[in-house]
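**Q** Each protein sequence line maps, in turn, to chains A and B.
Going by my numbering, the final residue of the first sequence carries number 385, and the count climbs one at a time with no gaps.
Going by my numbering, the final residue of the second sequence carries number 244, and the count climbs one at a time with no gaps.
It is worth saying that the hints were derived from the structure and are not from the lab.
There could be a bad hint or two in this list.
[Said to hold, decoys possible] SDA-like cross-link-like pairs, simulated, lysine to any residue; straight-line CA separation at most 20 Å:
1. B:Lys76 - A:Ser181
2. B:Lys129 - A:Asp284
3. A:Lys359 - A:Arg343
4. B:Lys129 - A:Phe165
5. A:Lys359 - A:Arg323
6. B:Lys129 - A:Cys172
7. B:Lys129 - A:Arg176
8. B:Lys76 - A:Leu206
9. B:Lys129 - A:Thr212
10. B:Lys129 - A:Arg170
11. B:Lys76 - A:Pro173
12. B:Lys76 - A:Arg170
13. B:Lys129 - A:Glu333
14. B:Lys76 - A:Arg176
15. B:Lys129 - A:Pro173
16. B:Lys129 - A:Asp377
17. B:Lys129 - B:Gly223
18. B:Lys129 - B:Pro221
19. B:Lys76 - A:Arg213
20. B:Lys76 - A:Asp318
21. B:Lys76 - B:Gln106
22. A:Lys359 - A:Asp284
23. B:Lys76 - A:Arg211
24. B:Lys129 - A:Lys359
25. B:Lys129 - A:Leu169
26. B:Lys76 - A:Glu166
27. B:Lys129 - A:Ala210
28. B:Lys129 - A:Val179
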Amino acid sequence: MSEDLHSLSGAYVLDALTEQERVDFEMHLRRCPTCRDEVASLREVAPLLAETVASEPPPSLRESILAQAARTRQDPPDAVRQAEVPPERERDRPAHGRVIPLRRRRWVAGLAAAAALVVGGGITWQVVEQTTAGVTEQVASAPDARSWKAETTGGATIVVTRSEQMGEAVLRLDGLDDPGEGRVYQAWLQNEEGNMVPAGLMRETDGEMVLDGDVNQAKGVGVTVEPAGGSDQPTSDPIALVELS
Amino acid sequence: MGSVTPFPGKDEGGGATGASSSETTLPAATESDRLAATLRDVAKGDDAAFARVYDATSARVHGLVLRVLRNPAQAEEVTQEVYLEVWRRASSFDAAKGSPYAWLMTLAHRRAVDRVRSSQSATARDETWEARTRDIHYDTTAERATERMEAHRVRTALHGLTDAQREAVSLAYLGGYTHREVAGLLDLPLGTAKTRIRDGLIRLRDQLGVTS
Numbered sequence: 141m142s143e144d145l146h147s148l149s150g151a152y153v154l155d156a157l158t159e160q161e162r163v164d165f166e167m168h169l170r171r172c173p174t175c176r177d178e179v180a181s182l183r184e185v186a187p188l189l190a191e192t193v194a195s196e197p198p199p200s201l202r203e204s205i206l207a208q209a210a211r212t213r214q215d216p217p218d219a220v221r222q223a224e225v226p227p228e229r230e231r232d233r234p235a236h237g238r239v240i241p242l243r244r245r246r247w248v249a250g251l252a253a254a255a256a257l258v259v260g261g262g263i264t265w266q267v268v269e270q271t272t273a274g275v276t277e278q279v280a281s282a283p284d285a286r287s288w289k290a291e292t293t294g295g296a297t298i299v300v301t302r303s304e305q306m307g308e309a310v311l312r313l314d315g316l317d318d319p320g321e322g323r324v325y326q327a328w329l330q331n332e333e334g335n336m337v338p339a340g341l342m343r344e345t346d347g348e349m350v351l352d353g354d355v356n357q358a359k360g361v362g363v364t365v366e367p368a369g370g371s372d373q374p375t376s377d378p379i380a381l382v383e384l385s
Numbered sequence: 033m034g035s036v037t038p039f040p041g042k043d044e045g046g047g048a049t050g051a052s053s054s055e056t057t058l059p060a061a062t063e064s065d066r067l068a069a070t071l072r073d074v075a076k077g078d079d080a081a082f083a084r085v086y087d088a089t090s091a092r093v094h095g096l097v098l099r100v101l102r103n104p105a106q107a108e109e110v111t112q113e114v115y116l117e118v119w120r121r122a123s124s125f126d127a128a129k130g131s132p133y134a135w136l137m138t139l140a141h142r143r144a145v146d147r148v149r150s151s152q153s154a155t156a157r158d159e160t161w162e163a164r165t166r167d168i169h170y171d172t173t174a175e176r177a178t179e180r181m182e183a184h185r186v187r188t189a190l191h192g193l194t195d196a197q198r199e200a201v202s203l204a205y206l207g208g209y210t211h212r213e214v215a216g217l218l219d220l221p222l223g224t225a226k227t228r229i230r231d232g233l234i235r236l237r238d239q240l241g242v243t244s
């Protein structure tokens, strides 16, 4: 546990972190039961502070809100699995980790050049997990760890966490659809020239893997659906590309 | 920045009444349970249940949003957004993860903070901070404040914090500032600001006997 991150729990609960810090801290929370417990207990304190400033809204607001609710469709129970973050925050945040809607033209142009850079892509994510579970922990708790978060159009979350000191990066996928029979998710590193270099395979719709390759030089991380066993170069449009900037 | 007014009403006799009000209790578990049950009805599309949630919580939600935004028109807009989100996403409330108040107020606070940060640059807010704190006594917030036993209890607990902790917690939560901005406003090293915020909250938690 990084002492530095740990001390952000109070600011996190009071929404007093910058967006980047919040993404990093939420990544840290997944690993740190101590911080999770502390955040859960402090979460109950913040609402009490509002007691001191309670102020009745004008009566007209009540009518307006009830009338609008009557016209508003409710989200189905399964649509929102995480109550932690209101979705609007995700959508309104352009500053980092945005999903880049890659035009096919640009992606294919990158592929032609990438063909020369074939890296063995046969390692499945399960194997990676068994051998490198310790690495994902170390990356997440590295003092210089930075995370970039993006959402796919389908609402799945992709987080890349990189420690330049360690020269390692971890890709976490959350809530993807099943890739389909005989298909896998494949990660790619986009290098300086815009080329896509294979960085590992993942069969899971929720899981994480250590990325292969020179992550410190990577400008982006892409994910595509590929035939089982993976491809030497992307054969489909990426479902997401996270820009590491 | 020596005269930051942390919480309105801090000097309105909260200290003197502290001893007696400390015997009041937190919202009883049953109140929390009742709100959770009402939210479950809201999730099923029960608009009468939604009205009950509004009536039970709107003074706290609106008061918080108004305090962060300092603008009655914007506060009404954001309060409306908060309740429509409650209506839409009631099914995502999970009692296992925390109390219904924490869920609701977290949602309200985030919306208020998002609004204030997107509408004003930090620099502009820094420059107007002192002017705005001077206005607090004339602020409609104070006039229309809904006084509750619970508010006394919380003020008493706030008096148990050091001035430095209270300022930092107040600026972060009610001012909507990031801990970096708090450090700037109070002329503190960054590490000190976040530590004060955390220590202040932990102390409040322990004094108020909050359990999660």
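**Q** Run every hint past the structure and note whether it holds.
**A** Hints versus structure:
This hinted pair does not check out: Lys76 (chain B) and Ser181 (chain A) have alpha carbons roughly 29 Å apart, beyond 20 Å. The suggested pairing of Lys129 (chain B) with Asp284 (chain A) is violated, with an alpha-carbon distance near 30 Å, which exceeds 20 Å. This hinted pair does not check out: Lys359 (chain A) and Arg343 (chain A) have alpha carbons roughly 24 Å apart, beyond 20 Å. The hinted pair formed by Lys129 (chain B) and Phe165 (chain A) meets the criterion: a straight-line CA distance of about 18 Å does not exceed 20 Å.
Taking the CA atoms of Lys359 (chain A) and Arg323 (chain A), the gap is near 26 Å; set against the 20 Å cutoff, the hint is violated. Taken as a hint, the Lys129 (chain B) and Cys172 (chain A) pair is honoured in the structure, with Cα atoms around 16 Å apart against an allowance of 20 Å. Of the pairs offered as hints, the one joining Lys129 (chain B) and Arg176 (chain A) holds, with about 11 Å between alpha carbons and a cut-off of 20 Å not exceeded. Distance restraint check for Lys76 (chain B) and Leu206 (chain A): the Cα-Cα separation of roughly 15 Å lies within the 20 Å cut-off, and the hinted pair is therefore satisfied.
Taking the CA atoms of Lys129 (chain B) and Thr212 (chain A), the gap is near 26 Å; set against the 20 Å cutoff, the hint is violated. Straight-line distance between C-alpha atoms of Lys129 (chain B) and Arg170 (chain A) comes to about 14 Å, which keeps the hinted pair within the 20 Å bound. A distance of roughly 33 Å separates the Cα atoms of Lys76 (chain B) and Pro173 (chain A); the hinted pair therefore is violated under the 20 Å criterion. Restraint check for Lys76 (chain B) and Arg170 (chain A): not satisfied, since their Cα atoms lie roughly 31 Å apart, outside the 20 Å limit.
For a cut-off of 20 Å, the pair hint linking Lys129 (chain B) to Glu333 (chain A) is broken: about 45 Å separates their Cα positions. For the proposed pair Lys76 (chain B) and Arg176 (chain A), the alpha carbon gap of about 30 Å is over 20 Å, so the pair is violated. A hinted pair counts as satisfied when its Cα atoms are at most 20 Å apart, and Lys129 (chain B) with Pro173 (chain A) qualifies at roughly 14 Å. Taking the CA atoms of Lys129 (chain B) and Asp377 (chain A), the gap is near 38 Å; set against the 20 Å cutoff, the hint is violated.
Using a Cα cut-off of 20 Å, the hinted pair Lys129 (chain B) and Gly223 (chain B) is violated, with the two alpha carbons roughly 29 Å apart. Restraint check for Lys129 (chain B) and Pro221 (chain B): not satisfied, since their Cα atoms lie roughly 34 Å apart, outside the 20 Å limit. Straight-line distance between C-alpha atoms of Lys76 (chain B) and Arg213 (chain A) comes to about 11 Å, which keeps the hinted pair within the 20 Å bound. With a C-alpha separation of about 29 Å, the suggested pair Lys76 (chain B) and Asp318 (chain A) falls outside the 20 Å cut-off, and the hint is violated.
Simply put, Lys76 (chain B) and Gln106 (chain B) have alpha-carbon atoms about 30 Å apart, too far for the 20 Å limit, and the pair is violated. Taking the CA atoms of Lys359 (chain A) and Asp284 (chain A), the gap is near 17 Å; set against the 20 Å cutoff, the hint holds. Restraint check: the Cα-Cα separation between Lys76 (chain B) and Arg211 (chain A) comes to about 15 Å, which is no more than 20 Å; the hinted pair holds. The straight-line distance between the Cα atoms of Lys129 (chain B) and Lys359 (chain A) is roughly 37 Å, outside the 20 Å bound, and the hint therefore fails.
Restraint check for Lys129 (chain B) and Leu169 (chain A): the C-alpha separation of about 14 Å stays at or below 20 Å, so the hint holds. A C-alpha spacing of about 31 Å is found between Lys76 (chain B) and Glu166 (chain A), which places the hinted pair above 20 Å, so the restraint is violated. About 28 Å separates the Cα atoms of Lys129 (chain B) and Ala210 (chain A), which puts this hinted pair outside 20 Å; it is violated. With a CA separation close to 11 Å, the supplied pair Lys129 (chain B) and Val179 (chain A) stays within the 20 Å bound.
Violation of the numbered hints given earlier is confined to hints 1, 2, 3, 5, 9, 11, 12, 13, 14, 16, 17, 18, 20, 21, 24, 26 and 27; the remaining hints are satisfied by the structure.
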